[in-house]
Amino acid sequence: MSSGDTAWMLIATALVMLMTPGLALFYGGMVRSKNVLGTMMQSFICLGVVSIIWVLYGYSLAFGDDILGFIGAPVWLGLNGVGLEPGPYSETIPHLLFVAFQLMFAIITPALITGAFAERMKFSAFLLFTILWTSLVYLPVCHWVWGGGWLGKLGALDFAGGTVIHINSGTAALMAALIIGKRRGYKTQPIYPHNLTLTVLGAALLWFGWFGFNAGSALAANGTATLAFFTTQIATGTAALSWILTEKIVRGKPTTLGAASGAVAGLVAITPAAGFVGSTSAIIIGLVAGIVCYLAVLAKERLGYDDSLDVVAVHGIGGLWGALATGLFASYGAQGLFFGNPGQFLVQAIGALSAIVFSAVMTTVILLAIKHTIGLRVSEEDEVQGLDLSLHGETGYSIQ
Amino acid sequence: MSSGDTAWMLIATALVMLMTPGLALFYGGMVRSKNVLGTMMQSFICLGVVSIIWVLYGYSLAFGDDILGFIGAPVWLGLNGVGLEPGPYSETIPHLLFVAFQLMFAIITPALITGAFAERMKFSAFLLFTILWTSLVYLPVCHWVWGGGWLGKLGALDFAGGTVIHINSGTAALMAALIIGKRRGYKTQPIYPHNLTLTVLGAALLWFGWFGFNAGSALAANGTATLAFFTTQIATGTAALSWILTEKIVRGKPTTLGAASGAVAGLVAITPAAGFVGSTSAIIIGLVAGIVCYLAVLAKERLGYDDSLDVVAVHGIGGLWGALATGLFASYGAQGLFFGNPGQFLVQAIGALSAIVFSAVMTTVILLAIKHTIGLRVSEEDEVQGLDLSLHGETGYSIQ
Amino acid sequence: MSSGDTAWMLIATALVMLMTPGLALFYGGMVRSKNVLGTMMQSFICLGVVSIIWVLYGYSLAFGDDILGFIGAPVWLGLNGVGLEPGPYSETIPHLLFVAFQLMFAIITPALITGAFAERMKFSAFLLFTILWTSLVYLPVCHWVWGGGWLGKLGALDFAGGTVIHINSGTAALMAALIIGKRRGYKTQPIYPHNLTLTVLGAALLWFGWFGFNAGSALAANGTATLAFFTTQIATGTAALSWILTEKIVRGKPTTLGAASGAVAGLVAITPAAGFVGSTSAIIIGLVAGIVCYLAVLAKERLGYDDSLDVVAVHGIGGLWGALATGLFASYGAQGLFFGNPGQFLVQAIGALSAIVFSAVMTTVILLAIKHTIGLRVSEEDEVQGLDLSLHGETGYSIQ
Amino acid sequence: MKKIEAIIKPFKLDEVKQELHAIGISGMTITEVKGFGRQKGHREIYRGAEYTVDLIPKIKLEIVVNSEMVAKVTETIMKAARTGKIGDGKIFISPLEEVIRIRTGEFGPEAI
Amino acid sequence: MKKIEAIIKPFKLDEVKQELHAIGISGMTITEVKGFGRQKGHREIYRGAEYTVDLIPKIKLEIVVNSEMVAKVTETIMKAARTGKIGDGKIFISPLEEVIRIRTGEFGPEAI
Amino acid sequence: MKKIEAIIKPFKLDEVKQELHAIGISGMTITEVKGFGRQKGHREIYRGAEYTVDLIPKIKLEIVVNSEMVAKVTETIMKAARTGKIGDGKIFISPLEEVIRIRTGEFGPEAI
Ligand SMILES: Nc1ncnc2c1ncn2[C@@H]1O[C@H](COP(=O)(O)OP(=O)(O)O)[C@@H](O)[C@H]1O
Ligand SMILES: Nc1ncnc2c1ncn2[C@@H]1O[C@H](COP(=O)(O)OP(=O)(O)O)[C@@H](O)[C@H]1O
Ligand SMILES: Nc1ncnc2c1ncn2[C@@H]1O[C@H](COP(=O)(O)OP(=O)(O)O)[C@@H](O)[C@H]1O
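Chains as they are written, first to last, in the working numbering: chain L, 10 to 409; chain G, 10 to 409; chain R, 10 to 409; chain X, 35 to 146; chain B, 35 to 146; chain U, 35 to 146.
By construction, these hints were calculated from the structure, which means they are not laboratory data. Just so you know, not all the hints are guaranteed correct.
What the hints assert, rightly or not - The list that follows gives simulated cross-link-like pairs (lysine-lysine, BS3-like), each with its CA atoms no further than 30 Å apart:
1. B:Lys113 / U:Lys37
2. B:Lys37 / U:Lys51
3. B:Lys74 / U:Lys113
4. U:Lys37 / B:Lys37
5. X:Lys37 / U:Lys51
6. G:Lys191 / L:Lys131
7. B:Lys68 / X:Lys68
8. X:Lys36 / U:Lys113
9. B:Lys46 / U:Lys68
10. X:Lys51 / L:Lys196
Unchecked claim - Here are a few chain L residues that face chain G, going by a calculated C-beta distance under 7 Å:
11. Leu19
12. Phe53
13. Ser60
14. Gly78
15. Ala82
16. Pro83
17. Val84
18. Gly90
19. Ala109
20. Ile408
Note that beta-carbon positions come from the ideal geometry of N, C-alpha and C, so glycine has one too.
Model the full structure from these sequences, guided by the hints.
So this is what it looks like as structure tokens:
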């Protein structure tokens, strides 16, 4: 066991934990003030719900002995048998620390989806959805890629979760937006962010925490972690810039929300590639991420579904671009198309596609099941009043 | 000396430092907007006051050679003789790093108490109280448990400060609320939080920083730190959930403030137990913490004292539950009642009780002394106008 | 390579990254609400602009082989040749990690200057200024001190950037305030902070991140890092306190903005000294910083230039005091005047002076060039409407 | 000239504004207010405490018109602002002696 | 019908509201305003700068009543809102020509 | 007694307040309002969406004066609030029947 690696993974895990409240702020600032708490609550409470699932059966199903490439065996239910000695997934840190690190990924993934159905979902339906989605969608896909499942075996590269987390949640977001339907007043009333300082703060915490997410995925304090750290910074900064430059061209003004959104798009896109690519590739990945994700937001406006906070455009499209870009630019520890290995690109495409199909189908089934049992959406009256008062009996602000 | 352990303790110390501003936000969001700055100031300035005390005599009195089990000897006044070599409290990190880590605990403890007398104490009285309370209450109790004093010798388990910090500050909070009296308008005018986004953010920073608090208390980047880290996460998430579920049953709605409060209750309760218990015990500790602390808040409403921000219910009761739970569930490195060692439970109870009695008596003496000299409370006019303008000449917000 | 040192430098780098959004909040809270986003944007986007510069040529010009003591050679353009092995600047961490750490310093330095011209600069002019200033001012001065240049060779002590960062940016701020001119309504209309909770939060994040800044400058998790960490805490806490006590004497009230400002002044002042001085010296350095920087703010009011957010007083004067104080109090690894080495004080003065002169001249040239080409200032109408709407088409808040 | 004040539900503002614009009303002044009336408020919960908030957010429109427009304006508001549920609000009509446009100094009907 | 406007100190709102309710006033509209008058403002300090803020937060109540209620209402407000210190505020009474309830179309006294 | 209401541009408030003070007006009440009129609003951009905001921040002054002061007050406001650009605002003058000072119970001109 290495105290240096353990030190790094302890703090990396804490950093990833911080991303979920960071997301709560990022999303919370973008909704109308009557929904700020309800929106933040959906992210925040994932920290509770998923933690319990993870201890009871989540970790085991994701990382237990592989069953047919599809799911892990229930060998560590209740984390029985998981100890403080280095475990199967790393030689240099306690097994339980790997469990903790992976837990934080499992927490933020369903939280990401909440942006799609923000401002209109019942809290009970949301809780049920989170439990089911984590169990039936996240755990399998996580197993496929990282837990010894078929995608990992196929050679799919996903350094820190482009497929497992972003494509997966982005796809779920699309289905959720379609199934729950548009917000009342969408396109007829003005619906815009109520507090962009929260959103910028949230983006900053996401960025900060993402160093743990990406560089922590090396599971050690070494050169690979450093590379992942650095490419994360470069791609993110570049994407913030390329988003606002595109905005400037398209709309005439570079916005702060654009800079924050671009940063997140860059973080998403570099995630699968972080430990595999060099600095110049990181610039290109970020550059494209900022442009493509912004255009995807514009496309949404035309396509007409109401993905409230653009989870599809930022995480879905950004994650897809990142997964494919890894197949193009990989040059450290693996080779991509531009470094003589076109096969990798194909594998990446297969990985992305299977995650999309699986997530789309399963998410649809789960949401329709909830819709036809306890119902997904708050009443019209509650939606007009806002989730904060109608669901939680609170108001975000009473500043006189 | 170990660079890995040093790396972890450096960042753990920074994390604990961040908790105090986190607390400032947590508390600041819960008061009325006219008191937001005054409330934040009380936490923030502890970072200055206690730092100076710590260098001059605080560290020495808490951790210097034991005198009769009660206090440390003044061997390190001005930190003379404290060097960069590993010190008496850890073999693997610089002595000064241990000093720094412990300083952050000494800072946040008086800051916690401020929630009890929020919105009505004079700033001068607060400063004086903080100096006296840190010197006369914190330093001895810290010495008892961690500095070689009688409680530590007796075998009391307090992994990261359930007794030293939470029972201690929670008891002081009760006496403070009783002595300073109710806020003008308590129970007759509506008094409610002005900005819950600050409170959620504060809770998030507390949660994040608490990983340093609890896992840092291992003083090394090792298995124990990992265990403390993981149980912290699990108990906290569970308590957030159990608080809002209890609220749902009692009041009909799960609130965001409840989720944030539950998280803090969970953090408090797991603190003394963190490195001693397993994951399943952590779930139980968190579950009970969320329920019990919420019920303690309801009890306050009946008992009628005005502990403005529920320090007693969350830190006092939460800390007490944690200290006792450690005596029940300890199974790593020590045994509790459920693991065959009923004596430990008794020792825990003795530890808790002595902290309560000592803190109650001393806090009362200090507060009465201040009350009858420079006075504790702002004038009625200043209280109506709000602390921000009357004490600090500022307003929190002028957003047009 | 040491995994412990690498762990510490990874997180230290992340901490320094967080300082820039921390600064965005610190500054954002102090402007009027119509300018909050425009102000935050200026800091935030430095994360993008400077990252790209750093990869392309920045790192190489600052740290490449020394050319005549003045600038680095372009040996690492595009970071070619910079690898994951320990590099020339440290034996125990990957070369690329040193690049990443130094990048974060290069990002925050131009961001600091933005406080001087807040609420009135064009975004395009700001972008151009940042590119030119980073290239023509930051890179040389950084090289002089840390990259093998003449000042470092002369023996100037600058532990974490008092000269490179604070004197440098503080001087640039003065020139910027003079050249761009006063805000419309300065001294005739009330211009005051719109949200001090943001400012306190920003100060807290700066404080937290500054542990990475100062203790990270040891480039290892060791005793020096610990010393730098501890003196940072002590000087900062003391300066927060001494600022508000001076305020109390001068104005009658201790303010929250004063506590936050004092903390930043303390952080600035201890920066060059952090790893060279002991705890008692840190108290003195902080004490003086809080007083002197506050008096410098008062002096500004008399001198009449409009340095909107007091960059000159806090970073310029605070940095100057810190650089000189290092020459007085250094006692660890170097000796200052009070420890028998008056020559050090002289060297410190030379270092400070050359940075002031160089920065003043170069900043003036850059700003005048921009002024006479694309122009520096927004139109009067845009200034009245606020930067958020006029430059970015957004509003910070729409809280109903 | 008359001054028409209407207290309406906030989410009806856009509709009312549009309809008024459609009948040629080119100016009005809007204030966020709180209303107290038959419509009951909501309950808020903060930890141990519960509050009933009986002040309900409303929007007040002030529209100055020539006397002959009064009927048309009130009818338009009534149609656009109505939901049929308690709390739809009120319209108050009061006399006005003079209107001046600051920019030009015009007064009376021309200034509206 | 008359319109009564009262400018009062914010912390008196609850009391005034209660007393008015007690005498049978079932509706009113409340606005947060700033007052300028004899009451002097406060000083604010931000780093080097000091400001005297002479606009003081006040609450404006608007209550439409039948003419015969005017005396009772003003008396009630005067009693409940009074502290005896400068800045207690004013009551303004002005004529009103018509009141309409949007929900029902009722007008005149019935609509109040 | 008359009630003068003026809708002005926010950044003109200080000037208007000063000038009114200079001519002996010792009290007024100020409200933040939004205006809709000839002055066109601004465009806001949030990711994919664009909005035209046609409600413009304005300040409403309410000043109660004796009838003989009306001309002087309106002139003063017109001079101080004028920029000559669209959106400078309006002044409305309406009758007032009574004024009462809550603190003392004085009424009529003495109460102003
Ligand atoms: N007498 C009154 N004077 C002033 N405003 C009133 C009065 N009565 C009602 N209002 C305003 O009208 C709003 C709606 O009144 P309410 O009694 O709730 O329902 P409705 O409009 O259906 O009669 C109130 O919220 C208040 O703002
Ligand atoms: N002439 C006036 N016109 C409109 N509002 C006024 C006038 N005079 C006073 N007010 C309002 O009444 C409030 C109280 O007035 P002030 O002169 O401070 O004390 P008092 O009510 O004791 O006479 C002011 O803050 C302002 O809102
Ligand atoms: N008929 C009206 N009734 C009430 N307020 C009006 C009316 N017309 C204009 N206003 C107010 O006056 C402000 C200025 O009017 P506007 O037409 O923009 O320019 P101008 O004052 O130059 O005529 C508006 O923003 C609105 O607040």
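*Restraint check, 7 Å cut-off on beta carbons, for L:Phe53 near chain G*: Nearest chain G Cβ about 6 Å off; hint holds.
*Keeping to a limit of 30 Å between CA atoms, is the pair of G:Lys191 and L:Lys131 held or broken?*
violated, 38 Å
*asked:* Against the 30 Å threshold, does the CA-CA distance of B:Lys113 and U:Lys37 hold or violate the hint?
replied: The hint holds at about 24 Å.
*asked:* Checking one constraint from the list: CA of X:Lys37 to CA of U:Lys51, max 30 Å. Satisfied?
replied: Roughly 25 Å separates the two Cα atoms, so the pair holds.
*Under 7 Å, Cβ to Cβ, is where L:Val84 needs to be relative to chain G, so tell me if that hint holds or is violated.*
Violated. Min distance 15 Å.
_Run the distance test for B:Lys37 versus U:Lys51: straight-line Cα separation, threshold 30 Å._
holds, 26 Å
*Hey, U:Lys37 versus B:Lys37, does the alpha-carbon distance stay inside 30 Å?*
holds, 13 Å
*asked:* Can you confirm whether the C-alpha distance between B:Lys74 and U:Lys113 stays at or below 30 Å?
replied: holds, 26 Å
_Hint check: 7 Å Cβ-Cβ cutoff, L:Ile408 to chain G_ = holds, 5 Å
*asked:* Under 7 Å is the threshold here; is the Cβ of L:Gly78 close enough to any Cβ of chain G for the hint to stand?
replied: violated, 28 Å
*Does the nearest C-beta of chain G fall within a distance shorter than 7 Å of the C-beta of L:Ala82?*
violated, 19 Å
*Straight-line Cα separation of B:Lys46 and U:Lys68 no greater than 30 Å?*
holds, 27 Å
Of the numbered hints listed earlier, those contradicted by the structure are 6, 14, 15, 16, 17, 18.
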